[in-house]
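> Sequence:
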Amino acid sequence: MESIYLFFQNNIEIVYFLYGLSFVVMGILILAHPKKGSEFAFSGILWLLVAYAFTHAPADFIDMWVTSWGYPLHIPQAILTFVSYLFLFEFGRRLLVLAGIMLPGLLLPAIVASIVIGSLLSSRPWEMLQVLTGYFLRFPAGLMAGVGLLQYYRSQKVRLEGMHIKPYFLLAGVTFFVWAVFCGIIRTEGDFFPADRINTNSFLNAVGVPVHMFRMVCALIIAWALAGILRILDWEMNERQQRLILELQDAHTNEKKLQGILPICSFCSKVRDDKGQWNHIEQYITQHSNAKFTHGYCPVCAQKHYPEFLRKARAVVRELD
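Numbering of the sequence shown is given in my numbering, commencing with residue 71 and proceeding in unit increments.
Treat the hints as calculated values from the structure; they're not laboratory data. Where hints are given, some of them may not hold.
Claimed, not checked - Pairs of lysine-lysine, BS3-like flavour, derived with a Cα cap of 25 Å:
#1 Lys374 <-> Lys227
#2 Lys105 <-> Lys236
#3 Lys362 <-> Lys345
#4 Lys106 <-> Lys236
#5 Lys340 <-> Lys227
#6 Lys362 <-> Lys340
#7 Lys374 <-> Lys340
Claimed, not checked - Here are the simulated distance ranges between beta carbons:
#8 Met233 <-> Leu318: 46 to 54 Å
#9 Leu190 <-> Glu231: 35 to 43 Å
#10 Thr270 <-> Val153: 18 to 26 Å
#11 Gly107 <-> Pro369: 25 to 33 Å
#12 Glu109 <-> Arg342: 31 to 39 Å
#13 Pro104 <-> Asp344: 40 to 48 Å
#14 Gln347 <-> Glu231: 19 to 27 Å
Ideal Cβ placement from N, Cα and C applies to all residues, glycine included.
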C-alpha cells in the first residue's frame with residue numbers, strides 16, 4: 071500500500087493530465103457528431119456538456135502545472151472550476167426536464183448566489199468557494215446528469231431499444247453517481263462538517279490513493295460511455311441518408327423520360343414503340359412521360375373544318391366591340 075501511495079504522490083501530475091485530457095476528448099467527441107436537425111431533444115443540450123468539458127479541462131491542467139512547478143494559480147483554477155460546473159449543472163437540469171422531471175430554471179441562480187455569498191463571508195473565500203462548489207454544484211450536477219441519462223433512456227426506450235446502447239446509458243449514469251461523490255463530497259479539508267471529517271486528506275489516509283485517481287477513472291469511463299451514447303446521432307444520420315436515397319431511387323424509378331430516336335409515321339404521325347406497335351402520338355407520350363393532353367383547334371384547322379362557326383364567332387366579337 072505504501073508503494074502505491076508513493077507512486078501516486080510522485081506522479082500526481084499525470085493523474086491531473088489524464089483527468090483534463092478525458093474532458094478534452096469528451097468535448098471533441100460531441101463536436102464530431104452530427105446534431106443539426108436531430109429528432110432527439112438530447113442533442114440540443116449537448117453544447118452545455120461541451121462548454122463544461124472545455125472549461126473544466128484547463129482547471130485540471132492548472133492543477134498539473136501547480137503540482138509540477140509550484141506556481142500559485144489557485145484563484146484561476148477555482149474560477150474555472152466554478153464556471154465549468156455551472157454548465158454541467160444546467161445540462162443535468164435540462165436533461166431531467168427532457169425526461170419528464172421538472173426542475174425550475176431559477177434553481178441554478180439561487181445556488182450560485184448562495185455559494186458566492188457564503189464564500190465572501192468566509193475568512194478564506196477562495197478555499198470556501200471550492201468547498202461550496204463541490205457540495206452545491208458538483209455533487210447535485212453529477213447526480214442530475216446520472217439520473218437524467220437513465221431517465222432519458224427510459225423515456226426514449228421504444229426508439230432506442232433497437233440500437234443496443236442501453237449499457238452505455240447505464241454505465242454513464244452509474245459512473246456519474248460515483249463521480250459526484252468523489253468530486254462533490256470529498257473536498258478540501260475545512261473547519262466545518264462534513265469537510266472536517268470527509269475530505270481529500272482523510273480519503274488519502276483511509277484508502278492510500280488520492281481521490282483524484284478515482285475522479286480520473288470516472289471521467290475516462292464517462293467519456294467512453296458517452297462515445298457509445300452518441301451513436302444514436304450517427305444512427306439517426308444514417309437513417310436520414312438511407313431514407314433520402316430511397317426517396318431518390320423511387321423518384322428515379324417513377325420518372326418517365328422521352329429520349330433517343332422515335333420512329334414516327336410520315337403520314338398519320340403514329341409512333342412505333344419498343345414492341346413494334348404503332349400508337350397515336352398522344353398515347354405514346356402519355357405512356358412514356360408525365361405529360362397530359364387536352365384538345366383544342368389551331369386557327370388553320372378551325373378555318374378548314376369549322377368555317378361557318380368561326381365566321382359567326384368573329385361576328386359576335388365585332389358586335390361586342
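> Against this structure, judge whether each hint is valid.
For each hint, the structure was consulted:
| no. | hint | verdict |
| --- | --- | --- |
| 1 | Lys374 <-> Lys227 | violated, 75 Å |
| 2 | Lys105 <-> Lys236 | holds, 20 Å |
| 3 | Lys362 <-> Lys345 | holds, 22 Å |
| 4 | Lys106 <-> Lys236 | holds, 23 Å |
| 5 | Lys340 <-> Lys227 | violated, 62 Å |
| 6 | Lys362 <-> Lys340 | holds, 17 Å |
| 7 | Lys374 <-> Lys340 | holds, 22 Å |
| 8 | Met233 <-> Leu318: 46 to 54 Å | violated, 25 Å |
| 9 | Leu190 <-> Glu231: 35 to 43 Å | violated, 50 Å |
| 10 | Thr270 <-> Val153: 18 to 26 Å | holds, 21 Å |
| 11 | Gly107 <-> Pro369: 25 to 33 Å | violated, 55 Å |
| 12 | Glu109 <-> Arg342: 31 to 39 Å | violated, 51 Å |
| 13 | Pro104 <-> Asp344: 40 to 48 Å | holds, 45 Å |
| 14 | Gln347 <-> Glu231: 19 to 27 Å | violated, 55 Å |
Checked against the numbered hints listed earlier, the structure breaks hints 1, 5, 8, 9, 11, 12, 14; every other hint is satisfied.
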